[in-house]
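Chemist: Sequence:
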Amino acid sequence: MIPKGVRINLYLKTEDSDMAEEINTTESAKIKQKELEAAGKPEETEDLRQLLITAVEAENYEDKLKLYDKALNLDPMYLDTWLQKGFVLDRIGRSEDALACYDRALEIDPDHLGIKCLKGFAYNNLKDFEKAIECYDEVLKVNSEDIFSWYQKGSVQENLGRYGEAMKSYERALEIDPTDSLIREKQMKLLGTIYKKGTLTDSPDSNFN
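Numbering of the sequence shown is given in full-length UniProt numbering, commencing with residue 1 and proceeding in unit increments.
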(Lines of atoms letter the chains of each structure in order from A; the text may use other names.)
(Lines give C-alpha, C1' and ligand atoms only; values in the text may rest on other atoms or scores of the structure.)
Protein backbone atom coordinates (compact mmCIF):
# COMPACT_ATOMS: atom_id res chain seq x y z
CA MET A 1 0.00 0.00 0.00
CA ILE A 2 2.79 2.43 0.89
CA PRO A 3 5.67 2.71 -1.58
CA LYS A 4 9.29 1.90 -0.93
CA GLY A 5 9.06 -0.56 1.88
CA VAL A 6 7.12 0.89 4.81
CA ARG A 7 4.28 -1.56 5.32
CA ILE A 8 1.32 -0.45 7.39
CA ASN A 9 -1.96 -2.25 8.03
CA LEU A 10 -5.18 -0.45 8.89
CA TYR A 11 -7.39 -1.83 11.62
CA LEU A 12 -10.63 -0.01 12.39
CA LYS A 13 -11.12 -1.65 15.75
CA THR A 14 -13.22 1.22 17.03
CA GLU A 15 -14.78 4.29 15.46
CA ASP A 16 -11.28 5.67 15.08
CA SER A 17 -8.56 3.92 13.12
CA ASP A 18 -5.60 2.25 14.76
CA MET A 19 -2.31 1.41 13.13
CA ALA A 20 -0.57 -1.90 13.61
CA GLU A 21 3.11 -2.38 12.96
CA GLU A 22 4.02 -5.05 10.43
CA ILE A 23 7.70 -5.77 10.71
CA ASN A 24 9.37 -7.04 7.56
CA THR A 25 12.75 -6.71 5.94
CA THR A 26 11.99 -3.59 3.93
CA GLU A 27 13.50 -2.43 0.68
CA SER A 28 15.64 0.12 2.48
CA ALA A 29 16.96 -2.53 4.86
CA LYS A 30 17.94 -4.76 1.96
CA ILE A 31 19.72 -1.90 0.21
CA LYS A 32 21.51 -0.92 3.41
CA GLN A 33 22.53 -4.50 4.03
CA LYS A 34 24.03 -4.81 0.56
CA GLU A 35 25.94 -1.55 1.06
CA LEU A 36 27.40 -2.75 4.35
CA GLU A 37 28.30 -6.13 2.95
CA ALA A 38 29.98 -4.46 -0.01
CA ALA A 39 31.97 -2.40 2.48
CA GLY A 40 32.99 -5.55 4.33
CA LYS A 41 30.69 -5.02 7.32
CA PRO A 42 28.33 -8.03 7.35
CA GLU A 43 28.73 -8.41 11.13
CA GLU A 44 27.55 -4.84 11.73
CA THR A 45 24.59 -5.45 9.42
CA GLU A 46 23.61 -8.56 11.34
CA ASP A 47 23.93 -6.69 14.64
CA LEU A 48 21.60 -3.97 13.40
CA ARG A 49 19.04 -6.39 12.06
CA GLN A 50 19.08 -8.38 15.28
CA LEU A 51 18.61 -5.23 17.34
CA LEU A 52 15.56 -4.30 15.29
CA ILE A 53 14.12 -7.79 15.60
CA THR A 54 14.69 -7.72 19.36
CA ALA A 55 13.06 -4.29 19.56
CA VAL A 56 9.99 -5.52 17.70
CA GLU A 57 9.64 -8.46 20.07
CA ALA A 58 10.06 -6.30 23.19
CA GLU A 59 6.75 -5.72 24.96
CA ASN A 60 7.78 -2.54 26.74
CA TYR A 61 7.93 0.63 24.65
CA GLU A 62 10.81 2.07 26.68
CA ASP A 63 12.79 -1.10 26.02
CA LYS A 64 12.06 -0.73 22.32
CA LEU A 65 13.30 2.86 22.32
CA LYS A 66 16.52 1.90 24.10
CA LEU A 67 17.21 -0.74 21.47
CA TYR A 68 16.53 1.71 18.66
CA ASP A 69 18.93 4.20 20.22
CA LYS A 70 21.53 1.46 20.50
CA ALA A 71 21.04 0.66 16.82
CA LEU A 72 21.39 4.32 15.88
CA ASN A 73 24.64 4.51 17.82
CA LEU A 74 25.91 1.72 15.58
CA ASP A 75 24.67 3.42 12.43
CA PRO A 76 22.83 6.77 12.51
CA MET A 77 22.10 6.39 8.79
CA TYR A 78 20.09 3.18 9.15
CA LEU A 79 16.73 4.32 7.79
CA ASP A 80 14.54 1.58 9.23
CA THR A 81 15.63 2.41 12.78
CA TRP A 82 14.44 6.01 12.45
CA LEU A 83 11.12 4.82 11.03
CA GLN A 84 10.48 2.25 13.74
CA LYS A 85 11.58 4.60 16.51
CA GLY A 86 9.29 7.29 15.16
CA PHE A 87 6.40 4.86 14.94
CA VAL A 88 6.82 3.79 18.57
CA LEU A 89 7.10 7.40 19.76
CA ASP A 90 3.89 8.24 17.94
CA ARG A 91 2.13 5.26 19.50
CA ILE A 92 2.99 6.42 23.04
CA GLY A 93 1.82 9.98 22.46
CA ARG A 94 5.18 11.57 21.70
CA SER A 95 4.16 12.63 18.22
CA GLU A 96 6.42 15.69 18.07
CA ASP A 97 9.43 13.48 18.80
CA ALA A 98 8.14 11.06 16.17
CA LEU A 99 8.07 13.87 13.61
CA ALA A 100 11.71 14.64 14.42
CA CYS A 101 12.58 11.00 13.65
CA TYR A 102 10.67 11.10 10.39
CA ASP A 103 12.38 14.34 9.37
CA ARG A 104 15.72 12.70 10.06
CA ALA A 105 14.67 9.75 7.93
CA LEU A 106 13.70 12.10 5.10
CA GLU A 107 17.19 13.58 5.21
CA ILE A 108 18.44 10.07 4.43
CA ASP A 109 15.81 9.37 1.77
CA PRO A 110 13.93 12.55 0.70
CA ASP A 111 11.72 10.70 -1.80
CA HIS A 112 10.43 8.08 0.60
CA LEU A 113 6.63 8.35 0.36
CA GLY A 114 6.04 6.02 3.29
CA ILE A 115 7.71 8.48 5.66
CA LYS A 116 5.37 11.23 4.47
CA CYS A 117 2.41 8.99 5.23
CA LEU A 118 3.75 8.42 8.74
CA LYS A 119 4.23 12.17 9.20
CA GLY A 120 0.60 12.69 8.23
CA PHE A 121 -0.48 10.20 10.89
CA ALA A 122 1.64 11.97 13.53
CA TYR A 123 0.21 15.38 12.60
CA ASN A 124 -3.26 13.88 12.85
CA ASN A 125 -2.47 12.66 16.38
CA LEU A 126 -1.34 16.21 17.21
CA LYS A 127 -4.67 17.47 15.78
CA ASP A 128 -2.75 19.53 13.26
CA PHE A 129 -5.17 18.36 10.59
CA GLU A 130 -4.21 20.75 7.81
CA LYS A 131 -0.57 19.64 7.95
CA ALA A 132 -1.71 16.03 7.97
CA ILE A 133 -3.67 16.61 4.76
CA GLU A 134 -0.63 18.30 3.20
CA CYS A 135 1.41 15.14 3.89
CA TYR A 136 -1.16 12.87 2.28
CA ASP A 137 -1.48 15.21 -0.69
CA GLU A 138 2.30 15.04 -1.20
CA VAL A 139 2.03 11.28 -1.48
CA LEU A 140 -1.00 11.38 -3.75
CA LYS A 141 0.71 13.76 -6.16
CA VAL A 142 3.29 11.04 -6.77
CA ASN A 143 1.08 7.98 -6.33
CA SER A 144 -2.61 8.69 -6.87
CA GLU A 145 -3.38 5.02 -6.17
CA ASP A 146 -2.18 5.08 -2.56
CA ILE A 147 -5.29 3.82 -0.80
CA PHE A 148 -3.85 4.42 2.68
CA SER A 149 -3.39 8.13 1.96
CA TRP A 150 -6.90 8.45 0.52
CA TYR A 151 -8.35 6.77 3.58
CA GLN A 152 -6.33 8.83 6.04
CA LYS A 153 -7.06 12.05 4.15
CA GLY A 154 -10.77 11.27 4.32
CA SER A 155 -10.55 10.57 8.04
CA VAL A 156 -8.81 13.90 8.67
CA GLN A 157 -11.34 15.76 6.52
CA GLU A 158 -14.10 14.12 8.55
CA ASN A 159 -12.45 15.33 11.76
CA LEU A 160 -12.55 18.83 10.30
CA GLY A 161 -16.25 18.52 9.55
CA ARG A 162 -15.60 18.59 5.81
CA TYR A 163 -17.92 15.68 5.19
CA GLY A 164 -18.31 16.11 1.45
CA GLU A 165 -14.56 16.09 0.88
CA ALA A 166 -14.20 13.13 3.22
CA MET A 167 -16.84 11.17 1.33
CA LYS A 168 -15.06 11.82 -1.96
CA SER A 169 -11.77 10.62 -0.47
CA TYR A 170 -13.39 7.39 0.76
CA GLU A 171 -15.01 6.92 -2.64
CA ARG A 172 -11.65 7.33 -4.34
CA ALA A 173 -10.13 4.76 -2.00
CA LEU A 174 -12.94 2.32 -2.82
CA GLU A 175 -12.44 2.89 -6.52
CA ILE A 176 -8.90 1.60 -6.02
CA ASP A 177 -10.04 -1.35 -3.90
CA PRO A 178 -13.82 -1.97 -3.94
CA THR A 179 -13.38 -4.99 -1.66
CA ASP A 180 -11.99 -3.01 1.30
CA SER A 181 -14.74 -3.58 3.86
CA LEU A 182 -13.07 -1.42 6.51
CA ILE A 183 -13.11 1.69 4.35
CA ARG A 184 -16.66 0.92 3.22
CA GLU A 185 -17.71 0.67 6.86
CA LYS A 186 -16.13 4.05 7.55
CA GLN A 187 -17.96 5.50 4.55
CA MET A 188 -21.31 4.11 5.77
CA LYS A 189 -20.77 5.60 9.22
CA LEU A 190 -20.11 8.96 7.63
CA LEU A 191 -23.28 8.62 5.55
CA GLY A 192 -25.16 7.96 8.79
CA THR A 193 -23.73 11.15 10.27
CA ILE A 194 -24.74 13.13 7.19
CA TYR A 195 -28.28 11.75 7.17
CA LYS A 196 -28.65 12.30 10.91
CA LYS A 197 -27.75 15.96 10.49
CA GLY A 198 -30.03 16.21 7.48
CA THR A 199 -27.83 18.90 6.02
CA LEU A 200 -24.20 19.80 5.52
CA THR A 201 -24.67 23.47 6.29
CA ASP A 202 -22.30 23.13 9.26
CA SER A 203 -19.66 21.94 6.82
CA PRO A 204 -17.75 23.87 4.15
CA ASP A 205 -18.94 21.10 1.81
CA SER A 206 -22.63 21.94 1.96
CA ASN A 207 -22.83 21.50 -1.80
CA PHE A 208 -22.00 17.79 -1.60
CA ASN A 209 -24.57 15.59 -3.30
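No lab work stands behind these hints: they were computed from the structure.
Here the structure is a predicted model, which means the values were calculated and not measured.
Glycine included, C-beta positions come from ideal geometry on N, C-alpha and C.
One should not assume that every hint holds.
[Said to hold, decoys possible] List time: in silico BS3-like cross-link candidates among lysine-lysine, alpha-carbon distance up to 25 angstroms:
1. Lys131 with Lys141
2. Lys168 with Lys189
3. Lys168 with Lys127
4. Lys168 with Lys131
5. Lys197 with Lys127
6. Lys168 with Lys197
[As the list claims (entries may be wrong)] Computed beta-carbon distance windows for the label pairs:
7. Ala100 with Tyr195: 36 to 46 angstroms
8. Gly192 with Asp75: 44 to 54 angstroms
9. Asn73 with Gly93: 40 to 50 angstroms
Chemist: Which of the stated hints cannot be reconciled with the structure, identified by number in ascending sequence?
Modeler: The structure breaks only hint 9.
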